[in-house]
Each structure stands twice: as structure tokens, then as C-alpha cells.
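> In case you want the letters, here they are:
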Amino acid sequence: MAHPVMMDPPRQREVGADVYNEKLGMWIFLGSEVMFFTALIGSYIILRVGYPQAFGEPGQILNVPVTASNTFLLICSSVTMVKAFAAIQDGDQRGLRLYLLATVVIGAAFVGVQAYEYTALIHEGFIPSGYIEGRHFAELAAQGELPANVGIYGSTFYTMTGFHGFHVSMGVICMIFVTWKAFKGKYTAADHRGVEVIGLYWHFVDLVWIILFTIVYLI
Amino acid sequence: MADGQEHAHPNYWGVWAGLAVLTAFELGVAFLPWSKQAIVLILIGLAVWKALLVALYFMHLRWEGNRMRIFAIAPLPLAVIIVIAVITEFRW
Amino acid sequence: MATTALPLEHATHAEAHELSFIQKYIFSTDHKIIGIQFLLMSMLFLVVGGLLALMIRWQLGFPETAIPGGALLPETMAPDGFLLPEFYNSLVTMHGTFMVFFAIMPLLVGVFGNFLIPLKIGAPDMAFPRLNMASFWVAVPAGIMMLAGFFVEGGHSGAGWTVYAPLSADPEWTGVSYGQQLWLLSIAVLGLSSILGATNYITTVVNLRAPGMTWFRLPLSIWALFITAILVLLAIPILSGAAIMLFFDQTIGTHFFDAATGGQPLLWQHLFWYFGHPEVYILILPAMGMVSDVIANGSRKPIFGYHSMVYAIIAIGFLGWIVWGHHMFQSGMNPTLGMTFMISTMLIAVPSAIKVFNWMGTMWRGNIRFHVPMLHAVAFVAMFVIGGLSGVFMASTPVDIYIHDTYFIVAHIHYVLFGGSLFAIFAAVTFWYPKMFGRMMNPTMGKVHFWLTFLFYNLTFFPMHNLGVAGHMRRIYDPSQYEFLQPLAGINQFITVNALLLFASQLIFAVNFVVSWFRGKRATENPWEDNGLEWTVPSPPPHGNFAEVPTVYRGPYEFSSPDVSEDYLPQTTRLATDRTPAAGSEGGSA
Amino acid sequence: MSWILPPGVSTFASDIDFLYYLILIITGIAFVIVEAGLILFIVKYRERPGRKAYYTHGSTTAEIVWTAIPAITVVTIGVLSGGVWKTVKGRNSVPPDALPYGVLVKQFEWNFTHAGVDGALGTGDDFTLRNRMHIPVDRPVVMRMTAEDVIHSFFVPAFRIKQDAVPGMEIAVWFEATEPGEYELACAELCGIGHSNMGGTVTVHTAEEYSRWVAEQSTTAALR
Ligand code: HEA
Ligand code: HEA
Ligand code: CUA
Ligand SMILES: [Cu+2]
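These protein sequence lines are chains P, X, R and E, in that order.
Taken in order, the first sequence gives residues 1 to 219; the numbers are from our numbering.
Taken in order, the second sequence gives residues 1001 to 1092; the numbers are from our numbering.
Taken in order, the third sequence gives residues 2001 to 2590; the numbers are from our numbering.
Taken in order, the fourth sequence gives residues 3001 to 3224; the numbers are from our numbering.
Excised from the complex, chain P in its bound form (with noise of 0.2 Å):
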């Protein structure tokens, strides 16, 4: 952004992207998120194509109202997120706390339901190598109202989602500094690097969640 203050003073260094370091370094830190993601999300999308009989119909096995409640507390986490940012672009300290707080504790509520959704579905016997014998889902394959054989879609399905619940869980570590430091009064108005930067971070893991829930819960 091109703040006045926030750009180097004449004659020290040439222009170059035009924002400060640590926002450069963050978006491209993403450039290799984005890969990252590209591999699992990709793998997926391939192995789907390629072999379709072993992944379920949207609601056979994962449970998409659990989910979609859960993709609304990440986009509700995103908004404090941004509306922190915000608040402390005009210098309100109280609101810059609120906000990050909020966003800590819906990101934590996050990983917890998260959490939920697994081990409920491995009680139900989807694991990453397939079914459990014996258990629910097996039973259901056994009479055919479920793909026999569901190898590759549970390896996906937690590589992918367990990833990106990786990815939260170091926003919140992150995000947990971050408001400590502003309960500190270390960000201003001028000067929020911070909150800015761990902001892209947050609304990108978002970003990621938005592309996942779609192919995954809802395809």
C-alpha cells in the first residue's frame, strides 16, 4: 500500500514492489502455499477423475451440515480478521483486541469441530486407508448403498482437510502473538505490520477452505 510514510524515503533504495518487506515476503511465502495445496488439491481432482466409483455422493459419508456451519465460523473469523485490521488502521486500540481476539477463538472453534468431524467419521469407520471393517460405513458398502471400496478417498479427504487444519491451527499460534502484542499496544495506526500480514495469512487459509469445502463436501 502505498502509505506515504510506509515507503522508503527518497534516494535510499530503488522502488520496487512498492509495499513494505514483510508483506512482499507474505505474499510470496503464499506463491508457495499455493503450490503446496496445488499437489494434494490437484492429486484429488486427478485421482477422481481417474478412478470416480470410490468417492461418495455429497452427503454419504461426510457430513455437510457439520461443515457448512463450519466454513461459516471461518468466513465469520475472516471478518473480525479484516475488521481488526481496520479498526487499528484508524487507531483503535480496543477495537484492534476485540477483533483479533474474536478471530482467535472462532479459528480455534474451527479446529475443534474439525476435530469433531473426524472422529465422529472414524467412528463410523472412514479412515485414510478406507473403511474399518465391522463398523457403520463398511456395513452400508457391504449392501451397496456405499462405493465398495473408498482407498483413495479417504487418503484425500484427511491429507487435504488435515492439511488445511494444520494450516489453521498455525494461524491461530500466530494470531495468539499477534494479540498478545496488541494487548501490548505494540501496532499503530502508522505502523501494523503485524496484523496486517498475519491477515493475509488467515484469509488465505480461508481462501483454501472455500475451494476445499466446495470439491470436497459439496462435488
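Hints listed in this document are in silico derivations from the structure and should not be mistaken for laboratory results.
Where hints are given, some of them may not hold.
[Stated by the list, open to error] Derived pair list, reagent style BS3-like, types lysine-lysine, alpha-carbon separation capped at 30 Å:
1) E:Lys3052 / R:Lys2521
2) R:Lys2521 / R:Lys2447
3) R:Lys2024 / P:Lys186
Since the structure of chain P is already known, use the hints to place chains X, R and E with the ligands on it.
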């Protein structure tokens, strides 16, 4: 931060509402008794729309200079190339 | 606000308080120290990789005789000095792995990316010094994990450095489990290190260039390292992702690459090579860049066609993404894809050609000084061409049917990676050694090392082409199994003998390197009479590099300029005709 | 130590060899130009006291020349290769009248199912041989190849044919031998401990010899 000065804060709650509505919409579409292809297309369209909302407003790409936009979208073609190429393995 | 002069500040109050030994040399945030740390680590792995290679060679040359000292190896590797086939497979795998991931890549990217970028663009340090330190200290455990693989039960990965699934996906096929898992973890961790590094390099080059250092005044070494960093940033995560999937296949029973349950063995190859081909250009672009600097300096002449050199680097960086399938021509991949990949692969010859001929153009009508770096640089051009041209054989799909997975490929590998990358590394190390350590390397030893290496290198690897032409498969433990290979035993022995001599000649370099560090004659600021910014500061440069921000008035290759009497013209010298650059002048060319 | 390919005895061997020698010549020329140029410059332009190098930043014409020539050359090579590739491994390159074989590859053996007298697979007179393949001369044969465990690669240098066998895929690969005789078969893809001795033989019979041989094999198969 600059845009904080250059323009009033965008209506973030509006974006939030938009995302929520689109999600609800997706849920509706997903279980319609239409042809799978049609549904898939619509869903992907909606997902991209949501993604754009997040990128443009929450991540402020809308107010970034072109260089930052380039940084942001540069990897996407690479992400597409590999998937397309490998999919042709099963479609020839 | 704080960011503004951040780098400068960082520099100044770094001077202010004295750093403890630990801060200064172990957990240092100084890009120069980190570069040297990478240098020592990767040279260690270079030697390890070399030793593994010698064992490979011994087995291929003298299968009937026990390896000298091989009796020291445990029963599980080489009972009384004779290699076991499974251990041979591990040797080949780890030789490739160590050389590619732990020797050449860190040498080029880790060492010179770190050491050169800030110095050459006029920055006091990297944009994120602490991140930089992290990227080294993440690489170390990766290396340890990779070494540990040899000592776990079941031995080290034996699936080739390309660890093709399903061979690598299930212990059932090789008996290797922990070894393969350590391999995958180590690669994922190393990947993190590389990504941190790349983020840092890109930010630094984009944002921290000194005033006047416009994009088209950047030295080609920096251009190359910049494009390389982008390749690293975008290619490595693919490998990390794939490695993680394979790791899950190994450990928690996922089925990504397991055909029996709908997985795709070819998916691994696609993912690996989608990373793998950009990777091989990661291994050559910085070499090309640094060689360009050295050749211009040695020829005392501006780089011929600077702009087309830059565009060639960019073109290679881009084309590198759409040729990965040329490793899979015989893999059962869709033959139509094979066709497209053949064309794109052929096209890559063009930018490479541009570079080769521009190097020659640079030497043409020069006033060539044959200092040791120049010798290695010229050898680089001569050898890379051979490797590149052999690439054209394999790019031709029908010819590749015959030479795929033969020693022709092995010859190609070593001509581009040893003749190319490693010679360039020798050039770069000898060229920037004085700047790194403040002392000169011994030129006589340097010349002896060069000529011996050049000789034995060619005697070792050139005959491998002929093995390949005769149909000699790669990665085989015992060629004598095949009648049509028995006549080749002689060549194999010849190669082995020369490989031993090649390794021996490297010791000269090792000695020169270590001794000069302590005894070498003190280096002046600018021993090679070069124009780069790094030569305007003391050798070695102080923490923070530049006393005050340098101003750049011209490109880095103004040798033999008519404007001045001596035959070089540093980027910072201000002639009467130069005007001071307005901030961000031509910054738009970003 | 030579650059001459060993004799090729399949229909497309000559095409492949032609391409190989063509590229050998082209790259040979490129090689000589570059290396000779380097040596010349090294000698001619070595440092002499009091002399200054010729100050130039390059020449656009030169750039165009050495961009265009290699570009044209490699594209030509590409196009020529494309034709051969189509006939050898292209999408529907398998000749319709090809004699079918079923090949199951596993650590560390080749199992060739021969079609028997009726020349059709899946019939009673099929029989399977381990590491041995028998084919008639001057008749295209097509192998439907799959692997049981890991990736292997079917490589007969004399026929200039190499094709990976991949678990979960059935890959059709064809060739037509032109000389009776016994040829070595090798596994060209690292497949584990036994990789280096996973060899075999392909025996090429004259037409009548082959039919005689098949007849007796099939009867013994029928007896079993
Ligand atoms: C530094 C690393 C490096 C570099 C730079 C290259 C460069 C090239 N490589 Fe190489 N390659 C490897 C490292 C590298 N490679 C490795 C490690 C493997 C083996 C992996 C494994 O399986 O273990 C491999 C394998 C490999 C294969 C797969 C072979 C097989 O397994 O069957 C192919 C096939 O197309 C190939 C092609 C090429 C080509 C066309 C180039 C081109 O970029 C070369 C271009 C350069 C020139 C052509 C020379 C200069 C040009 C001129 C002098 C102009 C005149 C020339 C003409 C008119 C033709 N390489
Ligand atoms: C940069 C990469 C690189 C380098 C330098 C080398 C170097 C050597 N390689 Fe290479 N090799 C590969 C990369 C490399 N290799 C790869 C990728 C493969 C494929 C693996 C696979 O199939 O999976 C391969 C495979 C391979 C094979 C095929 C094995 C098989 O298929 O069965 C063989 C066989 O001869 C071989 C031999 C050698 C030899 C004799 C050397 C010699 O040059 C070694 C000489 C010794 C050194 C180069 C050490 C140098 C030491 C110093 C410079 C000292 C400096 C130290 C200090 C200053 C402290 N290598
Ligand atoms: Cu089978 Cu190698
Ligand atoms: Cu390649």
C-alpha cells in the same frame, strides 16, 4: 494501510453477508436433481466467486498496485497446467 | 515509519553492540556467515556423495574384488567387502540425493544466493535476516535425518533419487521402511528451508536494490539467482506435497500411488518431475549466472548481449515448467502428451544456445586473463554444451526409447551437473573466496586442481555415452549378468580407475581451500579488478556490508570502457557525465 | 568405445537409428563449432600487455542468427521424431494383424502368455513361459503388458523397444522382428533387489519353424 486513507473502509460486513449467502446457495445447488456436470460447473463458479471476494476485499488486492496483483496470480497458471496435463492421461 | 530505513538501521546498531561468538558464527543472522555455513555443510555432503560414487564405481569396475577397506562396512551393507545388491541400490539413490539436494543445490542457492545477493545489489543484509538463519538451521536436521537413514534397520532408501512409487510406497517391495520414511521427511524439511530462503531472496532483490541498481543493471548472477528463487519457491512445495503423500502411503496406509485401490503410480512421476525439471534448472541457472560474471571479468569485456542473456534466463525459467514429461516418455504416459513434451523440450535448446553463443561472443576479441576462476568458467561452457547436446538425443522421443534409463542418461546427468554446475561452483568459490575469507587461494594449486579435474572428469564420464549407446542400463548392480554387456567390462574398469583419480584430485582443492583460509595471502578489496558492488567494500566485508548506501551509475560489465584509462569501471564510480539516479528511476521495469 | 549403435533387427529400428545418427551429426557440428570457437578464442585473445579488449555490448544480428538457426534445427528434429514416435508408440499405432501376447511382469520375472495355434488369447491352447518369449519373424506382435507389484521396463536393445510395465495399467506395445535368432531381454527400470538380473530371451523363429514350435507347445498345454 494506504487505502485506509485513500478510501473509506470497504463494507466488510457486506462482503461477509455475501460469502454467507453464496455458501447457502451452494448448499442448495449441491443437492438439486440436475445433471452432475451442470451442478459441478455452477458450484465451481460460486466457489471462484467467493474466493474472489476474499482475495479482492479481505486481502485488499482490489487496492494493490499491479505488481502485487501479478505476484498474487503468478502461480495460478502453474497450478492449472499440471492438473490439466495429468487428467489427459485418462481422457485419450 | 520503522520499515523505511529498516535495513540501514539494522546495519548500524548491529555495529553498535559487540556480538558474542555464538551470535557471530553459529546462530548468526549475517548473510555472509550463513553463506559460509552453507558452504561448509554442502562441501561435506559433496565429499560424502563422492565417496558413495566411488563405491558404486568399484562395484561396477571390479565386482570380483572386495572394496578396499570395505570390510569396515557392516554385514548388512557389504559382508566382507562385497556390496549387497540392496546396498548398491541405496548407494545409487543416496549418491543422487546427496549430490542434488545436499551438495549442488545448497552450494548454488544456499551459498551464493546468500553471499552474493545483498552484496551485489548494495543491501546491508537480507530482507529477513532471522528467517535466513532459520533456513540454515532447518537444513541441518534435514541433513542429519538423511544420513541417519543408512543406520536404521532395513537400510536406506533404494528406489533411486526419483523414489518412484510403488517401489518406494510399500516396504513389501524393497524391505526398506524407515530408510524411505526418513528420506521423505528429510526432503520435506529441506523443502521448508529452501522455501524460507527463496522468499527471502525474492523480497530482497525486489525491495532492497541500492539507488541506481535498476533491473537491467543487475549482474547476471543476481538475475539468475532471482529467477532460480522463483523456481524454488514454486517447485519445491510440489515435491513436499508429493513426499508427504508418499510418506502417508508408507506409514498410515493411504493409497495415493497404489494401483490396487484406484491410486495412480504415474501420479508420483508427474508430481516428482513437475518439481524435478524446474529443479534441474535450479541447478544450472545460478551456475550460468555466476559463470557470466566470471567470463566477463576474465575476458575484460562487457557481456555480449546482456539483454538477451536476461531474457534467455527468464525463458529457461518459464519453459522449465512445461517439459517435465520428457522424463516419462517410456512410462506409459499418454503418447500425445509425449509429443507435446518433445516439442517444448526441444525449444529449451534455444535459450541455452543463446547463452552459450553469448559467452563465446564475450570472449571474442577480449583480452582474456586465465585466472583459476576463468579456467573453470570456460570449462563450464565447454562441458555444459556436451551435456546439453546429449539432452537433445533424449528429447527426441524415438531415440529416447532406446537410450532411456541407460548410461547415456548418466553421462548427460554428469555433464550438466558436474561439468556444468560443479565446474561453475569451482569457478565461483575460487572467484569469491577472497571476498568470503579475506585471503587468496593458491593459484598454482588451483591450476593443478583444474587441469587434473578437467582431465579425469572427461575420462570418467565421456565413455559413459558409449556405454549408453551400447545399451548399458543404469542402476544395475551387476552388468555381467547380460551377455551383451560383458564386452563393456573393460570400459567400466577404465571409468572406475579415472573416477578414483578424479576424486583424488579433488583433495588438492580441499587442501587449498582449508590452508588458504589460514595461510593464504591477504586479499585486497578488489583482487580481480571487477566492477561489482561487492568489490568496493573490504574483504571480508564488515557486518552491514556498506558504510553508507552505495549509488549505482552503470551496469556491472563495463570492462575496457573507452571512458577510462584502466580496463574496468566499477558500478559506483561517478564520471562527470553521470547524474545521480532519482529514487525509483526505472523501478517501473520491475 | 564407439558411437555406432548395435545392429537393430526390428522394422522401426532403422528409423530410430536414422534419427540417432542425424542428431549425432547435428549435435556433432554444434559441438565442433562451440569447442573449436572456444579454443580459438582462448589462444587468439589471451591477455597481452598494453592491449585493451574490444568494447562492445553485442550485436542484434548475431543474436537473431544464433536464435533462429538452433530454433529451426531443433524444430526440424522434433517434427522428424514426431513421425517415428507416432508409428512406434502413437495412440493407435498397433498393427491390426499383430499377434497378441499377454505379459505379466513381477519381481523378478517375465511371464509371457503365448496365444497358441489359434493366435488368439484367452483360449484353451494358450500357454505361459517364464522369461522366454517366442515370436515369428516378419510379423508384428503386440504385447498387452501389466505389472503385478512395481514398475518394470521391457527392454530389447536389438529391437530398439523399451516400455515400462506399470501396476494397474495395461499397456500395449508392438514390434516386428526382421531377423531370426535369440535376443536378450532386460529390465530397464529399477525394481528392487533383483533388478540387475531380471533378464530373459526373445527367440525369433522363421514362420514355419514357429508354427511347428507353437503346435507342440499348445498340445502339451492342452494335456495339462
Ligand atoms: C543441471 C541439470 C540439467 C540440465 C541443465 C539439463 C538440460 C537438459 N536436459 Fe536433462 N536431465 C538432468 C539434468 C539436467 N538436464 C538429470 C539429472 C536427468 C536425469 C534424471 C534421472 O532420471 O535420474 C536428466 C534427464 C533428461 C531427460 C530424460 C532422459 C530419460 O530419462 O530418458 C531428458 C529428455 O528429454 C533431458 C533433456 C534435457 C534437455 C533437452 C536439456 C536442455 O536444457 C539442454 C539445452 C542445451 C543445449 C542444447 C546445448 C547448447 C546449445 C547449443 C550449443 C546450440 C546448438 C544446439 C542445437 C542446434 C541442438 N534430460
Ligand atoms: C551434481 C551431481 C553429481 C555429481 C557431482 C556426481 C559425481 C559422480 N557420480 Fe553421479 N549421479 C548423480 C549426480 C552426480 N554425480 C545423479 C543425480 C545420479 C542418478 C542417481 C540415480 O540413478 O538415482 C548419479 C548416478 C551415478 C552413477 C550411475 C549409478 C547407476 O545408475 O547404477 C554413477 C556410476 O558411475 C555415478 C558416478 C559418479 C562419479 C564417479 C562421480 C564423481 O565425480 C565423484 C567425484 C568426487 C567429488 C565430486 C567430490 C568432490 C569433493 C570436493 C570438491 C572436495 C571439496 C571439499 C572441501 C573443500 C572440504 N553417478
Ligand atoms: Cu524389473 Cu528392474
Ligand atoms: Cu528434465
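> If a hint holds in the structure, say so; if it does not, say that too.
Verification of the supplied hints:
1. E:Lys3052 / R:Lys2521: Holds: Lys3052 of chain E and Lys2521 of chain R sit about 28 Å apart, inside 30 Å.
2. R:Lys2521 / R:Lys2447: It holds: about 17 Å lies between the C-alpha atoms, which stays within 30 Å.
3. R:Lys2024 / P:Lys186: It holds: about 29 Å lies between the C-alpha atoms, which stays within 30 Å.
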